[in-house]
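Input sequences plus hints: build the corresponding full structure.
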Amino acid sequence: MINYLRAEVYRLFSKKSLYLFFAIATVLVAIYIVMVSRADYFTEADIPTQANIFFEMLTIFGGTFLFATIYNDELSAKNLSTLIGFGNRRSMIVLAKAVLTVAMNILMYGLALLVFYLLFVAIGMPPTGDMMNDIFPMVEQTFFRTLIYGMVTSVVVFGTQKATFSVVVYVLLATGFVGSMLGMLFSAGFVVNVVGDLTVFLATPVVNKLVYVTSAMAILSYLIYLAVFCVLSIVAFNKKDLEF
Amino acid sequence: MIEQKQTVIETQGLTKKYKNFLALDNATVQVEQRDVYGLVGKNGAGKTTFFKLVMGLTRPASGNIRIAGNDNLNISRKQIGFMIGSTFFPYLSARKNMEYYRRLKGISDKSETARVLKLVGLDGVKKPFKQFSMGMKQRLGLAGALLGNPSIVFLDEPINGLDPEGISDIRNIIKALNREQGVTFVISSHVLSELDLVATRFGFIDHGILRKEISHEDLHRQTQKALIIEVDDVIRAGSILETNFGVKDYVIEKNNTIVLDDVSIRTNEIAKIFVDAGLALYSLRRRETTLEEYFMNLVVGADD
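So the sequence lines, in the order shown, correspond to chains A and B.
In the numbering used here, each residue carries its 1-based index in the first sequence increased by 336.
In the numbering used here, each residue carries its 1-based index in the second sequence increased by 22.
Because the hints were derived from the structure by calculation, they are not lab data.
Think of the CB as a built atom: it goes at the ideal place given N, C-alpha and C, for glycine as much as any other residue.
Heads up, a few of these hints could be off.
[Claimed, not checked] Selected chain B positions facing chain A (in silico; Cβ < 10 angstroms):
(1) GLY66
(2) THR70
(3) MET77
(4) THR80
(5) ARG81
(6) ALA83
(7) LEU95
(8) SER98
(9) THR109
(10) PHE110
(11) ASN119
(12) TYR122
(13) ARG124
(14) LYS132
(15) PHE154
(16) PHE176
Next comes the structure, spelled out in structure tokens:
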């Protein structure tokens, strides 16, 4: 797994569009913050609200870009065939991808938080400690949700090997479309009467518990959530024939 | 001293089904060390399925595979190199794609990337893979297959899209590595004439069935030009050929057939002398089977 991770890290950081994407995103965010901060209604108390918008957008745009870079590039390059041909186990590939997703998202959210903080410092409105205490849970929430979206979509990636379809699924998850649909379905009277309350199994409630309750059970629930989709990815991948 | 060859790829009764389609049927293949094994077949004959099974990209319905004498394929596959089309990242250059593979294979020698790129003539190429010509893509595929000096190399249609110079280059690389480093190659192709220039053994595959395995020498023995003479008395006929034409290299097949490798003798002269000697000449014909004809005969014969 170490060799594969080393190769993947090399690939990701050799991709010029990775740097370009984050450079453009930083510039756009900077322009947005400058514009918003000059509005009459804007006060320092609005910074956490802006943080919320920023990190929700990051989940959708940054998350999708990162997901496509980590998973879909390999589908496009038919690299999974190469990996297996070199004697790598399919389960190892799925796990390595999960590790890489976690690592790259930590990096992305960490840098995003730093950029967000520095931009407000640059315009003379440094976020206070209390504000950062409000902002941190938002970062955690979006980060943990992004990991769930990645793991759920990895089932589609490994099960279908269809790059575009996988990205569409990720976007539907990240924008909350799938969550809203499932939320409505699970809240329907007949579902609740027959199966019980399934809404607690949706990603957002699971992540909210993890961030705001932070009990052992909440951590365990979250890890089980990831593990279930990881196992499903392995099962789907094991059943899939690869082409070249 | 006779060199004992080791079997490096061995399949027993390898079978693959896609729903109702039998892609590979009970294929038993043996590739020996230092072989350049040419797997020949039409499109859809089962060559790619065979490669996919050996590489672990699909699972067999039945049968066994051994690589380098090892049943644990995840371990033994680490000894092989392969070229299976354009499996490279489009935004990376040739060097960066090879660096990716070098890390993936755990090769610590950093000069290995430069070595294989020089071998295939891609050293110094800066542009990304997506801008490569078909020939350059094939060359990079070969470089990837040779990275880390694997003892067994699989090449799927390696000369597709190459110009004559490229074909010659790849042929020379294969020959040199086989001769100098003892690398075993398994090459799939439907261009029999090209395979004929490098392969030491052939496997003919059709409709998922391995029709025949044959050495290069035996194949050429069966396809070389010859005169086929059918007479009532092969002993006397042989004696006449020796006396009148100085022929010594001939083979008596069956009871009444002589196969003569020297095709320069005029058939009308043979016919006249045999008839004058009172032999019953049933037929006198030239055999000129090309490799393609041999393959087609094999396939059509099996279909019949």
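Next on the checklist: Are any of the numbered hints broken by this structure? If so, which, sorted upward?
Outcome noted: Numbers 1, 6, 14, 15 - these are the hints that the structure violates, sorted from lowest upward.
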